[in-house]
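Model the full assembly from the supplied sequences, consistent with the hints where possible.
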Amino acid sequence: MQVSTASAQTSPAGPEPLLKVREIDKHFGPVQALYHADLDLFAGKVTALCGDNGAGKSVLTKCIAGVLSPDHGEIFFESHPVHIRSTRDASRLGIETVYQDLALCDNLDIVQNMFLGRERLRNELLDEDSMEREAAKTLATLRVTTVRSIRQPVASLSGGQRQSVAIAKAVLWNSKLVIMDEPTAALGVVQTRMVLDLVKRLRDRGVAVMVISHNLNDVFEVADRIAVLYLGRMVVQDDASNFDRQSVVEYMTTGGLGLSGVRRSRTN
Amino acid sequence: MSDAAEPTELVAPAEEAADLTAAVEAVDAEVPPAIVAQSLAGYMRAWVLRIRAGESGVLPVIVALVAIAVYFEARSPVFLSPGNLVNLFQQSAIFMVLAMAATYALVLGEIDLSIGYVGACGAAITVQLVQPVTTKWPWWAAIVAGLAFCFVFGAIQGTLITRLRLPSFIVTLAGFLIANGIMLWILLRGPFSGYPNLTGIDNNQIVLYKLMWGTLDPTVSWVVMALVVVALGLYIFIGDWRRRRSGLVAPPTSLTLIKIGLIAVVGVVVVWICDQNRAALGTLEGVPWVMLIVLGVLGVWTVLFQRTRYGRYIYAIGGNPEAARRAGINVALVRTVAFALCSATAGIGMLLFASYLGGMSNNVPGGQYVLYAVAAAVIGGTSLFGGRGKPLHGVLGGLVIGGIYNGMYLLGYDVEPQFIVTGLVLLAAVTIDSLSRRGSAGGGVTRV
Chain A
1 MQVSTASAQT
11 SPAGPEPLLK
21 VREIDKHFGP
31 VQALYHADLD
41 LFAGKVTALC
51 GDNGAGKSVL
61 TKCIAGVLSP
71 DHGEIFFESH
81 PVHIRSTRDA
91 SRLGIETVYQ
101 DLALCDNLDI
111 VQNMFLGRER
121 LRNELLDEDS
131 MEREAAKTLA
141 TLRVTTVRSI
151 RQPVASLSGG
161 QRQSVAIAKA
171 VLWNSKLVIM
181 DEPTAALGVV
191 QTRMVLDLVK
201 RLRDRGVAVM
211 VISHNLNDVF
221 EVADRIAVLY
231 LGRMVVQDDA
241 SNFDRQSVVE
251 YMTTGGLGLS
261 GVRRSRTN
Chain B
269 MSDAAEPTEL
279 VAPAEEAADL
289 TAAVEAVDAE
299 VPPAIVAQSL
309 AGYMRAWVLR
319 IRAGESGVLP
329 VIVALVAIAV
339 YFEARSPVFL
349 SPGNLVNLFQ
359 QSAIFMVLAM
369 AATYALVLGE
379 IDLSIGYVGA
389 CGAAITVQLV
399 QPVTTKWPWW
409 AAIVAGLAFC
419 FVFGAIQGTL
429 ITRLRLPSFI
439 VTLAGFLIAN
449 GIMLWILLRG
459 PFSGYPNLTG
469 IDNNQIVLYK
479 LMWGTLDPTV
489 SWVVMALVVV
499 ALGLYIFIGD
509 WRRRRSGLVA
519 PPTSLTLIKI
529 GLIAVVGVVV
539 VWICDQNRAA
549 LGTLEGVPWV
559 MLIVLGVLGV
569 WTVLFQRTRY
579 GRYIYAIGGN
589 PEAARRAGIN
599 VALVRTVAFA
609 LCSATAGIGM
619 LLFASYLGGM
629 SNNVPGGQYV
639 LYAVAAAVIG
649 GTSLFGGRGK
659 PLHGVLGGLV
669 IGGIYNGMYL
679 LGYDVEPQFI
689 VTGLVLLAAV
699 TIDSLSRRGS
709 AGGGVTRV
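Top line first, the protein sequences correspond to chains A and B.
Quick note on the numbering used here: the first sequence kicks off at 1 and runs consecutively.
Quick note on the numbering used here: the second sequence kicks off at 269 and runs consecutively.
Honestly, I wouldn't trust all of these hints.
Computed list of chain B residues with no C-beta within reach of chain A, every gap over 10 Å [stated by the list, open to error]: (1) T427; (2) L432; (3) L516; (4) V517; (5) K527; (6) W540; (7) V571; (8) E590; (9) A591; (10) G596; (11) Y624; (12) Q636; (13) G691; (14) S702.
Pair by pair, the computed Cβ-Cβ distance ranges are [unchecked claim]: (15) Y578/B to D239/A: 47 to 53 Å; (16) K200/A to G515/B: 41 to 47 Å; (17) T253/A to S702/B: 44 to 50 Å; (18) V334/B to K200/A: 51 to 57 Å; (19) N123/A to S522/B: 26 to 32 Å; (20) G188/A to T576/B: 24 to 30 Å; (21) I506/B to G44/A: 42 to 48 Å; (22) V491/B to R122/A: 52 to 58 Å; (23) G29/A to N630/B: 53 to 59 Å; (24) E16/A to T570/B: 37 to 43 Å.
FYI, nobody ran anything at the bench for these hints, they're computed from the structure.
Just so you know, even glycine gets a beta-carbon here, dropped at the ideal spot from N, CA and C.
Here it is, written out as structure tokens:
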């Protein structure tokens with residue numbers, strides 16, 4: 001696979017990526033989950049990370065989110081080499097992950113969920129009013145307006161609303177990079193629309209967004225850039241306009257063997 | 269319900285709201301009325317809607333209390349006499365405090381079966397330490413020692429449960445037996461071969477005896493009540509006022525005043541009842557100390573549960589431990605401390621038991637009390653499935669259990685039907701809990 005090394009070279013021109021992953025390896029026992037994988041994520045762009053099951057999407061995501069640490073390779077954040085050893089480290093850098101299972105507490109309300117683990121205090125007691133105002137402001141700027149009240153328990157929200165809360169929770173902390181794992185899985189048409197609009201609004205705010213998705217409709221709807229993993233290797237990263245459905249599927253299922261050499265080596 | 273009121277901070281632009289609000293009507297009933305209503309009428313309407321949807325908060329337990337009062341008063345005219353009501357409260361106080369202890373484990377989605385005997389160990393230690401013929405510790409030091417034992421015992425159980433991932437049911441079942449053994453062993457240390465008492469003339473002992481039996485002077489009772497009501501009223505009023513001022517959704521002023529008024533009425537009625545002379549001979553009047561002790565435990569634990577980070581984390585872990593972990597919460601530490609606080613609270617409860625008994629006995633119904641405590645918490649509205657419950661539920665549920673216990677005793681029933689009726693009430697409470705959980709879409713709408 002020459003392809004993966006080819007894609008490692010970023011073009012000298014153009015803006016510096018917010019996050020650069022270089023030649024990351026990760027193996028679990030005999031299984032090589034990632035092999036010299038590269039990834040560039042840019043501020044103000046939505047990057048879709050595609051790949052078939054077992055291609056290494058989750059592992060790569062977890063390496064960035066601080067859940068796993070890579071065996072080899074480097075990660076640069078704002079051009080500085082970083083070691084992300086925990087989700088706390090990631091948060092400190094401004095990297096937030098919205099997990100597929102959302103990680104919300106059903107019994108807590110929207111405000112309580114958004115501030116979970118980082119509650120504001122006044123005189124050692126919870127400052128509910130200040131948290132409520134801040135949460136309302138964040139939801140309003142993201143135009144998450146369909147919830148009846150932000151003091152409503154998360155259990156009473158629809159799937160799309162829950163996803164919106166999870167995303168708003170990530171945004172609340174002035175994050176620079178938001179990673180979303182299958183944000184539209186299990187959502188209806190209207191709900192999907194709502195979440196995709198939210199993703200675009202994040203991008204417009206200058207946040208770097210990485211979306212992991214199987215759904216090519218969604219990918220072409222929101223992605224500015226597309227990166228495809230195939231068997232642990234990053235086979236292509238490019239502007240979304242340089243792909244069509246056929247070529248993405250081709251990269252996902254064969255690693256791009258059937259495509260022309262020019263296309264395969266192109267980056268940025 | 270759309271006419272009730274719109275929350276001000278999240279009013280949707282019309283075109284955005286149009287296609288996405290379809291589900292709103294369905295969830296209305298699950299939203300606490302306080303957060304959707306801006307007017308008194310709106311609040312009442314939202315409240316009725318919630319009750320119809322099965323989200324009734326503490327209403328069932330209030331209804332149960334009224335039913336108990338009516339039934340037993342009809343059959344035994346002394347039931348609602350001041351003397352019996354105060355007595356009922358004293359009996360219930362033990363269940364109330366134990367139920368507040370159980371709340372720690374229940375909100376985490378765990379169970380602590382050991383509270384009866386762990387608390388009894390603490391009480392035995394306290395009672396032994398103040399004995400004038402042996403150690404002669406001052407009463408406060410003895411209480412601290414007893415509660416410290418409970419705290420450590422609970423912390424050890426919590427550590428086993430969280431670090432070794434053993435089920436709390438088994439760990440605390442073992443703790444139940446171990447604590448029972450330790451308690452018997454402690455009781456044999458003293459000079460009274462198993463029955464150290466608190467009824468001597470020693471001042472230290474008398475303080476402990478008075479925890480349950482001491483009363484405030486009637487005038488002092490009024491003053492204390494007034495202070496408590498004013499403090500609570502100011503807290504509620506200023507809280508609501510601050511929300512209103514900063515543009516957050518807040519209950520209307522009329523509702524705030526009604527709430528404060530109700531608190532004041534309850535305070536006046538309670539003190540009036542307690543200030544009646546309830547002795548057959550001589551004088552016995554005034555608010556019993558134990559009422560203030562229960563109120564104190566309730567107040568402190570309510571603040572901890574509702575207003576601190578630690579309390580928030582308990583709810584979060586009870587709702588979704590994985591989410592709590594990902595939020596950076598030290599889940600193991602929070603759970604361990606919760607088991608320790610559970611045991612320490614049980615220590616307070618069983619200290620009241622020792623005071624009620626006027627000493628300590630080797631015949632403590634520790635197993636029965638655990639069941640009563642869990643029953644009281646669940647009857648009050650705390651969920652067995654975790655994530656939902658408050659100390660106040662334990663107090664209300666404890667009153668229900670105490671009421672049944674006291675009423676059946678007055679009617680001359682033996683212990684057998686008491687057990688059966690209490691068991692049936694517990695079953696009913698768990699059924700309601702389970703059904704309301706299944707009824708709500710995402711599983712378990714909060715009453716936090």
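Hints and how they fare:
Non-interface call for T427/B relative to chain A: holds, since the shortest CB-CB distance, roughly 23 Å, exceeds 10 Å. Every CB of chain A lies more than 10 Å from the CB of L432/B, the least distance being 24 Å, so the non-interface label holds. Non-interface call for L516/B relative to chain A: violated, since the shortest CB-CB distance, roughly 6 Å, does not exceed 10 Å. Non-interface call for V517/B relative to chain A: violated, since the shortest CB-CB distance, roughly 7 Å, does not exceed 10 Å.
Distance check on K527/B: its Cβ is at least 17 Å (rounded) from any Cβ of chain A, clearing the 10 Å threshold; non-interface status holds. The Cβ of W540/B sits about 33 Å from the closest Cβ of chain A, beyond the 10 Å cut-off, so the non-interface label holds. Separation of V571/B from chain A is inadequate, the least Cβ-Cβ distance of about 7 Å not exceeding the 10 Å criterion. Consistency note on E590/B: stated as away from chain A, yet its beta-carbon is not over 10 Å from all of that chain's, at 6 Å minimum.
A591/B, annotated as away from the interface, has a beta carbon of chain A within 10 Å; the closest lies near 4 Å. A beta-carbon of chain A is positioned within 10 Å of the beta-carbon of G596/B; the least distance is around 4 Å. Even its closest Cβ contact with chain A, about 34 Å, leaves Y624/B beyond 10 Å, as expected for a residue assigned away from the interface. The beta carbon of Q636/B sits about 30 Å from the closest Cβ of chain A, which is more than 10 Å, so the claim that it is off the interface holds.
The non-interface label for G691/B is consistent with chain A: the shortest C-beta to C-beta separation is roughly 28 Å, beyond 10 Å. Every C-beta of chain A lies more than 10 Å from that of S702/B, the closest at about 16 Å, which supports listing it as non-interface. In this structure the hint that Y578/B and D239/A lie 47 to 53 Å apart at CB holds, the actual value being about 49 Å. For the pair K200/A and G515/B, the beta carbons lie near 29 Å from each other, so the given range of 41 to 47 Å is not met.
Separated by about 47 Å at the C-beta atoms, T253/A and S702/B satisfy the suggested range of 44 to 50 Å. Checked against the hint of 51 to 57 Å, the pair V334/B and K200/A passes, with Cβ atoms roughly 56 Å apart. A beta carbon spacing of about 29 Å between N123/A and S522/B agrees with the range 26 to 32 Å that was offered as a hint. A hinted range of 24 to 30 Å for the beta carbons of G188/A and T576/B is inconsistent with their spacing of about 39 Å.
For I506/B paired with G44/A, a C-beta distance near 44 Å keeps the hint of 42 to 48 Å intact. The beta-carbon spacing between V491/B and R122/A, approximately 31 Å, falls outside the hinted interval of 52 to 58 Å. For the pair G29/A and N630/B, the beta carbons lie near 58 Å from each other, so the given range of 53 to 59 Å is met. For the hinted restraint 37 to 43 Å between E16/A and T570/B, the CB-CB distance of approximately 53 Å leaves it violated.
In terms of the numbered hints stated before, the structure departs from hints 3, 4, 7, 8, 9, 10, 16, 20, 22 and 24, listed from lowest to highest.
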